[in-house]
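Take a look at the letters that make up each chain.
There are 2 protein chains.
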Amino acid sequence: MTTATSAERRAARRQRRTVSPFAHFPFGHIQNHFPPLEVITPEQIEQLHEASRHILEEIGITFMDAEVLDLWEKAGARVDHSRQHVWFDRGMVMELVAKAPASFRWRARNRDKDRIIGGNYINFVPHGGVIFAQDMDNGRRPGTLEDYYNFLKLAQINPLMHFSGDQLVVPHDIRVSYRHLHRSYGAITLSDKAYMEAPHGRIIAGDAVQMANIVFGTDVTKLPEPVLGGIINSSSPLRYDDRMLGGMVTYGRAGQVLIITPFVLAGAMSPITIASAVAQQNAEALAGIALVQLLRPGSPVLYGGFTSNIDMKSGAPAFGTPEGAWAMAIGAQLARHYKLPYRGSGSLNTSKIPDAQASYETMWTTWPAVMAHTNFIMHATGWLDGGLTVSYEKVIIDTESLAMFQSFLAGLKINQDTLALDMIAAVPPGGHHFGTPHTQERYATEFHPIFLGDRQNFENWQMSGSLDTAQRANRIWKQLLEEFEAPPLDAAVEQALREFVQRRERELVGVELYT
Amino acid sequence: MTTATSAERRAARRQRRTVSPFAHFPFGHIQNHFPPLEVITPEQIEQLHEASRHILEEIGITFMDAEVLDLWEKAGARVDHSRQHVWFDRGMVMELVAKAPASFRWRARNRDKDRIIGGNYINFVPHGGVIFAQDMDNGRRPGTLEDYYNFLKLAQINPLMHFSGDQLVVPHDIRVSYRHLHRSYGAITLSDKAYMEAPHGRIIAGDAVQMANIVFGTDVTKLPEPVLGGIINSSSPLRYDDRMLGGMVTYGRAGQVLIITPFVLAGAMSPITIASAVAQQNAEALAGIALVQLLRPGSPVLYGGFTSNIDMKSGAPAFGTPEGAWAMAIGAQLARHYKLPYRGSGSLNTSKIPDAQASYETMWTTWPAVMAHTNFIMHATGWLDGGLTVSYEKVIIDTESLAMFQSFLAGLKINQDTLALDMIAAVPPGGHHFGTPHTQERYATEFHPIFLGDRQNFENWQMSGSLDTAQRANRIWKQLLEEFEAPPLDAAVEQALREFVQRRERELVGVELYT
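In order, the protein sequence lines correspond to chains A and Y. Quick note on numbering: the first sequence equals residues 4 to 518 in the numbering used here. Quick note on numbering: the second sequence equals residues 4 to 518 in the numbering used here.
Hints should not be assumed to be uniformly reliable.
When chains are identical, the list treats them as one kind, so a pair holds in a single copy or across two.
Taking lysine-lysine pairs in the DSBU-like style, the calculated list, with each CA pair at most 35 Å apart, reads [unchecked claim]: (1) Lys316 <-> Lys116; (2) Lys416 <-> Lys102; (3) Lys316 <-> Lys481; (4) Lys316 <-> Lys416; (5) Lys342 <-> Lys416.
Just so you know, these hints were derived from the structure itself, not from any lab. Since we're looking at a predicted model, the values are computed, not measured.
Use the sequences and the hints to build the structure in full.
Printed below as a string of structure tokens:
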């Protein structure tokens, strides 16, 4: 028996890849040319805007960070330092918000994978903020760094996933104080897509910028495009905490992307009515976006919506609901109103396993998100159990729909060739078109290719093991991990990153991160 | 032990019903006030219209019925009797189509359950044309009359289902020659909703009209509204067969509803390109609608779309695809262009079990159908395996989404009360709204109530048996059948119907039905 060389193994992997589940899908830009779903009228948008202005002016927002309070005071806002509370002049917030770009390019280390954020561009982004990993072989368990890196690999190999993702699962086997280093190291070395790192406090965000400097070989804060970004959640109602503000200050000054996303569950973090929840979301989002523009005018920022409701029976968050669909679409309408790119969500659901409920609730989030022209669809795949868990199988299941959206949004051509009136004339009434030259030329490429759905007849499906969707998905993610090859990265860059991680690991032992 | 009287049993059932899964949903009219999803431009609609006119004028349509050929000839079309083929003048078809009503009322025997068909009204209609019944206890088997009546009961008890349905499953235990009598008898006696009977030939359609006369106590052909209707499929390409035409002639002259639905699978019954498939669909639909107007001007008719594609790998039909979504939305755009009500579909999918694939493909049909303002959504629940099978569990699973659409389309109110700015002011930053009077007044009614989805935390879900969606649905359909009570029907009417069925059973033995 001879041992295969690494070149031979690569060649074998490459050959297998010709039948890879994702082989037929391009990595490209996706635009939604259909008119956006709008669920409220322009007059209602004005009502919400007025309510938000009232909140900003009369009720105010708490900012738990002394530096930020000083900034607001200097900018002319009314500040109560002892209460850490800020009230805004009528025009002030809107003047600042107007400085934010309506769209921008997010640079990837592989420039072919840069993303455009804004307009009618749709980007799919992995799940984030998750505690547990789950698969059909091992069930649910606290995530590890191995899980984290597996999800990075799956995001990299998935052409429907436009970012490598962040906070994919908590790597419980790595110390809190330097988890961020290993997240970023993985995102950079296992993927060449645009990447993210959670700006949770000044230390983490500062490290992330330094790691980006190493990868991009320059001071990224001087580049014309951001290379890094992350989610900021207000801790609703009406509050930004110290951790989030430290990250905002650091990324904001560095010109990196801040995705300002109030996390509002109506009935808990806001009044129970969705109108009130989105008015509050809007006030919180505008205040956060204004802060970013105060830090560095023109810095890239997204208006984020993550408003759903509480199930008043169980007290648990509800996802994949009519209320969530309204909030998602209204958020998009508000973002368009303010000429800001919009962040929504995809695979939100509350099922504990990747079954029917998981899928229909996911579709109840993804369909309104795509139809509303959501530019940045977080959690596009993988969620289970209200986002506590990511399922390997569901990552695959949800990707099937993302691929369908890519084809659906590409639209269809109507011309002499596709109308094929000569073929309609050539086939007799009641005849069939299987064998016509028009069909034969196109049969392999005309239709969207699915990779997961089973279209066999019942008997063949039975004979092939009566597998359900999750069982088929289980095979696919394993095949994909098997096929994975890390994208090329300069060895010196990789070493510099590794050294940075090692040095910072030592320095951060015992340090309070969130300051 | 005493035996409960029937009144006591009814009372007990009524009491249980207060916690019935569907208890919270009204039976009402659903309107989609959001702008319709439009996937092609007005110029592209014109291109399709022109292509259809070319087909009607130059290529023509086959009508396999001598009476219909004579009608066309008298109306001025060019007819080749030996080939049973008809070519239409440019203006002729459109003049006839213009006589069809843009919307109409479909009368139910319980007038509170009349339906409006047209405009932005959305109606959900059960599955039809199905061979097998399937449930988790007994698996898949050929349908029986018991299954048929069970599905009628489930449609009646389901407030999201607006019709009782037709051809719910083939009742294999009843002779072909009088199955229609038992279908209609069940639809009339087990439901008081608007009902349908497949107009498959003159005999079946004639019997259906006579049974309607008995129920409505009058000659229904003279009523201002139709009381009966059914699906007509062209046998594409470009052909209406004798069975369908016999039904069209009978229902058309009787002023009953004809839902003209070309059944086009691109690559098989039309050229492979969706542009061509919908152009052909349009020509076939317009020819059928024109025929109805020739039979009785102003008779209610729907433009039906049922265009999807063939999976070129397996040769099987594909459902829940981007191509199907385009075709559904384009069909709606064409119907609006011609000022006709539109019929589309809901739960189309190819899965063999009610799993994730079944649900995401179903959502890939239902979402575009609802967003496109489809007035009559056939197969709104229950499909599996390309429509060969109806699943008891999936009827329940799909109903969860129909209920969500009802809530979603009701829209949300934005006013001083729902904005609740006083409550936002009253709760401190980072506080919670659980206990405010605004929340307390509304917590039981504010949010859409789900009946199937599981929102428990993981541990409680495990302790309650780790049931998946289909297992929970299994319990629900059994509970609903248990709760079912037939709606009141005059005893004399019921007896007259029974006598009609018995007489016609005898008369129809050995008769060739489809003439």
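Structure-based check of all given hints:
{"no.": "1", "hint": "Lys316 <-> Lys116", "in the structure": "between (45 Å within a copy, 32 Å between copies)"}
{"no.": "2", "hint": "Lys416 <-> Lys102", "in the structure": "between (39 Å within a copy, 32 Å between copies)"}
{"no.": "3", "hint": "Lys316 <-> Lys481", "in the structure": "between (39 Å within a copy, 24 Å between copies)"}
{"no.": "4", "hint": "Lys316 <-> Lys416", "in the structure": "between (49 Å within a copy, 23 Å between copies)"}
{"no.": "5", "hint": "Lys342 <-> Lys416", "in the structure": "both (31 Å within a copy, 25 Å between copies)"}
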